[in-house]
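Here the protein sequences line up with chains G and P, keeping their order.
So in my numbering, spot 550 of the first sequence is number 550, and the numbers just go up one at a time.
So in my numbering, spot 65 of the second sequence is number 65, and the numbers just go up one at a time.
Hints should not be assumed to be uniformly reliable.
SDA-like, lysine to any residue: derived pairs with alpha carbons at most 25 angstroms apart [said to hold, decoys possible]:
{"no.": "1", "chain 1": "P", "residue 1": "K32", "chain 2": "G", "residue 2": "P192"}
{"no.": "2", "chain 1": "P", "residue 1": "K32", "chain 2": "G", "residue 2": "P228"}
{"no.": "3", "chain 1": "G", "residue 1": "K172", "chain 2": "G", "residue 2": "A204"}
{"no.": "4", "chain 1": "P", "residue 1": "K75", "chain 2": "G", "residue 2": "A52"}
{"no.": "5", "chain 1": "P", "residue 1": "K32", "chain 2": "G", "residue 2": "F303"}
{"no.": "6", "chain 1": "P", "residue 1": "K28", "chain 2": "G", "residue 2": "T226"}
{"no.": "7", "chain 1": "P", "residue 1": "K32", "chain 2": "P", "residue 2": "G46"}
{"no.": "8", "chain 1": "P", "residue 1": "K75", "chain 2": "G", "residue 2": "A46"}
{"no.": "9", "chain 1": "P", "residue 1": "K32", "chain 2": "G", "residue 2": "R186"}
{"no.": "10", "chain 1": "G", "residue 1": "K119", "chain 2": "G", "residue 2": "H477"}
{"no.": "11", "chain 1": "G", "residue 1": "K165", "chain 2": "P", "residue 2": "A105"}
{"no.": "12", "chain 1": "G", "residue 1": "K287", "chain 2": "G", "residue 2": "T273"}
{"no.": "13", "chain 1": "P", "residue 1": "K32", "chain 2": "G", "residue 2": "R223"}
{"no.": "14", "chain 1": "P", "residue 1": "K32", "chain 2": "G", "residue 2": "K119"}
{"no.": "15", "chain 1": "P", "residue 1": "K75", "chain 2": "G", "residue 2": "V50"}
{"no.": "16", "chain 1": "P", "residue 1": "K75", "chain 2": "G", "residue 2": "E45"}
{"no.": "17", "chain 1": "G", "residue 1": "K478", "chain 2": "G", "residue 2": "G390"}
{"no.": "18", "chain 1": "G", "residue 1": "K172", "chain 2": "G", "residue 2": "S132"}
{"no.": "19", "chain 1": "P", "residue 1": "K95", "chain 2": "G", "residue 2": "R186"}
{"no.": "20", "chain 1": "G", "residue 1": "K155", "chain 2": "P", "residue 2": "E35"}
Each pair of labels, with its calculated beta carbon distance range [claimed, not checked]:
{"no.": "21", "chain 1": "P", "residue 1": "F124", "chain 2": "G", "residue 2": "E45", "range": "17 to 25 angstroms"}
{"no.": "22", "chain 1": "G", "residue 1": "N363", "chain 2": "P", "residue 2": "E109", "range": "18 to 26 angstroms"}
{"no.": "23", "chain 1": "G", "residue 1": "E200", "chain 2": "P", "residue 2": "D67", "range": "38 to 46 angstroms"}
{"no.": "24", "chain 1": "G", "residue 1": "A185", "chain 2": "P", "residue 2": "G59", "range": "42 to 50 angstroms"}
{"no.": "25", "chain 1": "P", "residue 1": "G46", "chain 2": "G", "residue 2": "E301", "range": "31 to 39 angstroms"}
{"no.": "26", "chain 1": "P", "residue 1": "E109", "chain 2": "G", "residue 2": "I407", "range": "33 to 41 angstroms"}
{"no.": "27", "chain 1": "P", "residue 1": "E109", "chain 2": "G", "residue 2": "E200", "range": "18 to 26 angstroms"}
{"no.": "28", "chain 1": "G", "residue 1": "N299", "chain 2": "P", "residue 2": "K28", "range": "53 to 61 angstroms"}
{"no.": "29", "chain 1": "P", "residue 1": "G59", "chain 2": "G", "residue 2": "T421", "range": "57 to 65 angstroms"}
{"no.": "30", "chain 1": "P", "residue 1": "D67", "chain 2": "G", "residue 2": "T456", "range": "47 to 55 angstroms"}
Hints were generated in silico from the structure; no laboratory data involved.
Idealized CB from N, CA, C, for every residue including glycine.
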Amino acid sequence: MATKMKEVDVVIVGLGWTGGILAKELSAAGLKVVALERGGQRSTEADFSVPAVRDELRYVVRHDLMMNTQKDTITIRNNVSQEALPMRRLGSFLPGDVVGGSGVHWSGHTWRWTDMEFKVRSLYEERYGKKSIPEDMTIQDWGISYGELEPYYDKFEYTAAVSGKAGNIRGKILPGGNPFEAPRARDYPLPPLTPVLAQEMFKAAALNNGYHPFPRPSANASRAYTNPDGSRFGACQYCGHCQRFGCEANAKGSPHMTVIPIAMRNPNFELRTHMWVTKVLKDSSGKRVTGVTYTNVLNGEEFEQPAAMVLLTAYAINNVHLMLLSGIGQPYDPAGQKGVIGKNYCYQTGASATLFFEGRHFNPFMNAGGSSTTIDDYNANWDFDRGKQGYVGGFIVAGAFNTALPIGYRPVPGGTPPWGTAWKAATAKWYDTAMQINMSGSVMANRYNYYDLDPTYRNAFGLPMMRMTFDYKENEHKIGRHAAQVINDIAKSMNPTRLNPAVARTEPWTVVPYQSTHNTGGTMMGTNPKTSALNKYLQSWDCHNLFSVGANVFPHNSVYNPTGPVGALAYWTADAIKNRYLKNPGPLVSA
Amino acid sequence: MRTRPWTAAAAATFILAAGFAYAQGDPKHGQKLFEECHACHALERGVQGVGPSLHGVFGRRAGELDDFRYSPALKRSGITWTPKTLEAYIADPQKAVPANRMPYAGMPEARDRADLIMYMQQVFK
Chain G
1 MATKMKEVDV VIVGLGWTGG ILAKELSAAG LKVVALERGG QRSTEADFSV
51 PAVRDELRYV VRHDLMMNTQ KDTITIRNNV SQEALPMRRL GSFLPGDVVG
101 GSGVHWSGHT WRWTDMEFKV RSLYEERYGK KSIPEDMTIQ DWGISYGELE
151 PYYDKFEYTA AVSGKAGNIR GKILPGGNPF EAPRARDYPL PPLTPVLAQE
201 MFKAAALNNG YHPFPRPSAN ASRAYTNPDG SRFGACQYCG HCQRFGCEAN
251 AKGSPHMTVI PIAMRNPNFE LRTHMWVTKV LKDSSGKRVT GVTYTNVLNG
301 EEFEQPAAMV LLTAYAINNV HLMLLSGIGQ PYDPAGQKGV IGKNYCYQTG
351 ASATLFFEGR HFNPFMNAGG SSTTIDDYNA NWDFDRGKQG YVGGFIVAGA
401 FNTALPIGYR PVPGGTPPWG TAWKAATAKW YDTAMQINMS GSVMANRYNY
451 YDLDPTYRNA FGLPMMRMTF DYKENEHKIG RHAAQVINDI AKSMNPTRLN
501 PAVARTEPWT VVPYQSTHNT GGTMMGTNPK TSALNKYLQS WDCHNLFSVG
551 ANVFPHNSVY NPTGPVGALA YWTADAIKNR YLKNPGPLVS A
Chain P
1 MRTRPWTAAA AATFILAAGF AYAQGDPKHG QKLFEECHAC HALERGVQGV
51 GPSLHGVFGR RAGELDDFRY SPALKRSGIT WTPKTLEAYI ADPQKAVPAN
101 RMPYAGMPEA RDRADLIMYM QQVFK
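Looking at chain P on its own, in the form it has when it is part of the complex (with noise of 0.2 angstroms):
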């Protein structure tokens, strides 16, 4: 019961914090972008593909399925996945994560990257 109250005001700041960065997203041109990742990316619970299940990314910690092997680099760098930090990793995986093995060059547009990250939060919401 403690607990309760606890994850409902996280989760407002979280969607208020989403929300103030991201309103303007437009998911339909997430979707659409969302293909690039979805070669390597299942959105499917336990599903890895060349690249790990995206299934509830918001939240998790970086290298933290027991069933896909990470690079060191990707475990060892701390991160947890937020709006923020897959967006600055989007951006461009090899200087957001030095020596991970995305093949990936990088999203360079800001305005697709904030569609992007507003369709993954209204798949996983």
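In isolation and in its complexed conformation, chain G is listed as follows (with noise of 0.2 angstroms):
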């Protein structure tokens, strides 16, 4: 029998940016907010301090901050003719478990999506004619504008001390910045990080050939900062363990420094650890939520928590998880094309090359998340005309180091044997001389890649276990296959000793190795509820007191890192609930 705790304003379910904010900004307006978090605490001062936080057997090899795959994980598979198996391991991708989420183990590369993924179907019908999107291509415009975020940008980029170089201030095209970004209404909080040397070669190679480089802008604060907050930044020591690791220099914007020791002061707000939400609760007329259950993942006791509002703010495939468990929305039937809860499931695509250069030294332990110098020729350039290529959306390509570990990262020439006296006297020599050009790309929604709840494995809670059916469809390997090109035209021109050129990807998808942490979509916001889970302020058409907050809600995924967007779609729903809804609960949008 579930103890039944006090009633309070807002519960919140997953701690990490998402949840940060939400509960900084909501404790702020007065409600009694209660946060619910799966992991534990972890505070920069004990846990990710000199020298013990670089450890890369602990945190990369056994994925210290982690969702734990004996807990919980998914099934998987690339069709629906095929029966989906757990993910046993770790690979593909890595949910953050602790108080910060995946806030902490983040690179810190922050980008502002823009209209050209907001209004998707329109801009490439408009373009290209109706007939240029694949019929089983189930992409759609997402119901907000960039000048509705444009705010929310700034205000998350600002707290999350974002070093970049704007390209775009309020029309004005500006040197060294990204020349094809939305109008921003004013620059980063901080510089650019210093570069490293591959960024430099890959600049001057991207110049030569007619592009348009720039610093990647990314939450490494370049120098001390204070955010408007009054969080406390400082400076990068491009340690070289960004990625996977926990900041040691407070220079990593990252929820656990910023927004959530804010919330913890406010009196208004209470955390609980290793608390793991099984399900959603709704009353009987199933157009409100009344709060959640949940377990104690070192006990098993059980709760429940009544609230008058519930946000899901967990990692985007449990947000989708919860709803699903939950019974909210119509589930999505890929045959029928009927429902949207798990519609639209998107990951991305990536392929690199080495470069080897015998004689140069690019010191690849030092480096910070945010080292990349990077061209979106080929992404937010409306000119670059698809056309000729014949597909949707697009990729970015840069020159960068992030995370070059000394287990990890031994780039060889292609040819080396894998392992032995010669491997040894490879890695030996190629380690310090070798440096990367990589692209990531979009990934369009499709029909057949969803989520569901599995109907054979269930978790630790007895709970039917996420299905994940997904693979590349052939608008990716078009992607892919011109990515592939233009970045081994670049790296060729800079005349590398030995080359190992990037291969686009055309097998199926597998969870091995690791790829990307941006799973987005199972939860669209939209204009209609026919076909979106959400309004565009991120509120259930189903019951107005539940909002879901993360890349759940992006109907596409882009080749962008999506925490830019998931950042401002955070302060938007935060100034939506506070501004609106509080006054006059209810939809905030009219079905």
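Join these two chains into a complex; the hints should help.
Here it is, written out as structure tokens:
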């Protein structure tokens, strides 16, 4: 029998960036807020100080900050004719499992997604015709505009200490920034990070090839910084241990050292760690949620937390899973194309070339999470004619170093034996003399890429696991082939001693090795309850006192890291709740 | 009673020495530079962050506070913090105390270090 807790105004499920932002904003607005986090508390002081934090085995190989697949995992298949099997070890993506969530172990790349994403169907239909979009490509407009989000992007960038160079301030194109970005009201709070050699060499080559390189905006403070909330950042030390690690210098914008401690100082806020939410409860009408049930993962004790509002702010996959487990909204069925919960799951695609330069020294042990010089000529650049290539979306290309660690980072030229004396000689020779050029490509929604509840496998709480059905389609293969060609052309122009060229990926997607933690979709935002789960304020169409914030609200996945719009949308939703919903609780958009 | 003149004399020497070396320091600029330290170090007594509280640092022995876990290297260093020793440490922490745990690469400009130390001296005077 679950212990029933005292009712609160808001229960927050998952305390990472989005939960942290909403916890801070709503407790400051006077609401009683309880956050339930499945992981434990971590702090820079106790957990991420030098030298203990620089432990590749613990954090990278053994996934210390990530979800535990022995409690819950997802089952995976490539298409509906297969039987899905559980992912028993983490691989392709790494959801966080601590206070601060994946915001602790991210690299900090912070992009502004533009109307090219938010109006994807309208723009492509207008320019390339309705037939340019394949029938099974279920992309749709997001129901929000860049103009609406701009102030919230700004707020997130200034909160998270993003270092970068503006390319477009109020329509004025500025040298050195991304000329294809949408207009911003002002520059980044901090100047770009100091570039590493690989970035400088890529920049020169990109310019020679007619591209427009710029330093990738990243929440790694290039200087000491105090954000508008008073959170203090040290300067990035280029320690080479960014992605997968907490930051030892308080230089990486993370919720555990910004918004969450501010919420913690507010007596309206309470955090309960090691609590796993199993269900969102509805009233008898089915039009309101009444709270959540949860289990203490340390001792199995069960609780019910009644609340006037429920905010799903866990990892994107878990937010969708909870909607399915709780029977909120109609589950998606790809056969009849009915229902929305689970629809439009998307991922990303990538490829990379390794360039070896005898006599050059790249010092791969020294870099920031954002040590990346990037070109956006093949995505935000709307003048790039997709008609010739025949795909929707695009890719970015970067010369970058990010967390090249002693165990995992072992570049050797193609043809080197994978073990033994020859491999040892090659790794010693080439470790310091290699750099990479990589790409990240968009994945457009497809009718047959989706989530539902697994009919066979159950997790440690006895609940059906999430089932993911996903594979790359022809659109991604076309993007991959084009991107590989662009990478290899740039790479060859740099005259490396040896080159492992980029190869477009065309084999079926698998869950190994690590690829990207950018899983999107499943509870789309949109303009119509028939085709989306949430309205533009990320409020459930079915239950008006339920909101969900995360990459699960994206109707498709772009080339960029998702945290920029995820953070902006958290502030956007916080404002909608504070300024509109609290005054008049009910649907913020009439269906 | 006996100790008082000694303390006063020592303090006078201290101020004289400090005044000689850092008379040109700009504490306003030093306060701005202290932002680099502030993400980890508090000026208040007893507030331990990623780094130890700097309250009353001058005259203290390195690694002395009970409520902060110092690196063995710093504890063994035998340093007593004065404007001079702190200046050398901030210039290049790993050179001054090899294997210490402070994740800070150093403040290369002598002028900046003088300003920073002048600011800290003002805070704790």
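Hint check:
As the CA atoms of P/K32 and G/P192 are separated by approximately 20 angstroms, the hinted pair is consistent with the 25 angstroms bound. Simply put, P/K32 and G/P228 have alpha-carbon atoms about 16 angstroms apart, close enough for the 25 angstroms limit, and the pair holds. Note on G/K172 and G/A204: the hinted pairing holds, with a Cα-Cα distance of about 24 angstroms set against a maximum of 25 angstroms. The suggested pairing of P/K75 with G/A52 holds, with an alpha-carbon distance near 18 angstroms, which does not exceed 25 angstroms.
A distance of roughly 49 angstroms separates the Cα atoms of P/K32 and G/F303; the hinted pair therefore is violated under the 25 angstroms criterion. Using a Cα cut-off of 25 angstroms, the hinted pair P/K28 and G/T226 holds, with the two alpha carbons roughly 17 angstroms apart. For the hint linking P/K32 to P/G46, the alpha-carbon distance of about 23 angstroms falls within 25 angstroms, and the restraint holds. As the CA atoms of P/K75 and G/A46 are separated by approximately 19 angstroms, the hinted pair is consistent with the 25 angstroms bound.
At most 25 angstroms may separate the alpha-carbon atoms for a hinted pair to count; P/K32 and G/R186 meet this at roughly 23 angstroms. Between the alpha carbons of G/K119 and G/H477 the distance comes to roughly 23 angstroms, so the proposed pair stays at or under 25 angstroms and holds. The suggested pairing of G/K165 with P/A105 holds, with an alpha-carbon distance near 24 angstroms, which does not exceed 25 angstroms. For the proposed pair G/K287 and G/T273, the alpha carbon gap of about 29 angstroms is over 25 angstroms, so the pair is violated.
The hinted pair formed by P/K32 and G/R223 meets the criterion: a straight-line CA distance of about 11 angstroms does not exceed 25 angstroms. Taken as a hint, the P/K32 and G/K119 pair is broken in the structure, with Cα atoms around 44 angstroms apart against an allowance of 25 angstroms. As the CA atoms of P/K75 and G/V50 are separated by approximately 15 angstroms, the hinted pair is consistent with the 25 angstroms bound. Simply put, P/K75 and G/E45 have alpha-carbon atoms about 18 angstroms apart, close enough for the 25 angstroms limit, and the pair holds.
About 8 angstroms separates the Cα atoms of G/K478 and G/G390, which keeps this hinted pair within 25 angstroms; it holds. Our distance criterion of 25 angstroms between C-alpha atoms is broken by G/K172 and G/S132, whose separation comes to about 32 angstroms. Between P/K95 and G/R186 the alpha-carbon distance is near 40 angstroms, which puts this suggested pair outside the 25 angstroms criterion. Distance check on the hinted pair: G/K155 and P/E35 sit about 21 angstroms apart at the alpha-carbon level, within 25 angstroms; holds.
At roughly 23 angstroms, the beta carbons of P/F124 and G/E45 sit within the given window of 17 to 25 angstroms. Between G/N363 and P/E109 the CB atoms are about 23 angstroms apart, so this pair conforms to the stated range of 18 to 26 angstroms. Checked against the given bound of 38 to 46 angstroms, the beta carbons of G/E200 and P/D67, roughly 45 angstroms apart, stay inside it. For the hinted restraint 42 to 50 angstroms between G/A185 and P/G59, the CB-CB distance of approximately 49 angstroms keeps it satisfied.
A beta carbon spacing of about 36 angstroms between P/G46 and G/E301 agrees with the range 31 to 39 angstroms that was offered as a hint. In this structure, P/E109 and G/I407 meet the distance hint of 33 to 41 angstroms, their C-beta atoms being roughly 37 angstroms apart. For the pair P/E109 and G/E200, the beta carbons lie near 24 angstroms from each other, so the given range of 18 to 26 angstroms is met. Taking the beta carbon of each, G/N299 and P/K28 are about 55 angstroms apart, inside 53 to 61 angstroms as hinted.
At roughly 58 angstroms, the beta-carbon separation of P/G59 and G/T421 lies within the given 57 to 65 angstroms, and the hint holds. A beta carbon spacing of about 53 angstroms between P/D67 and G/T456 agrees with the range 47 to 55 angstroms that was offered as a hint.
Taken one by one, the earlier hints fail for this structure at numbers 5, 12, 14, 18 and 19, listed in ascending order.
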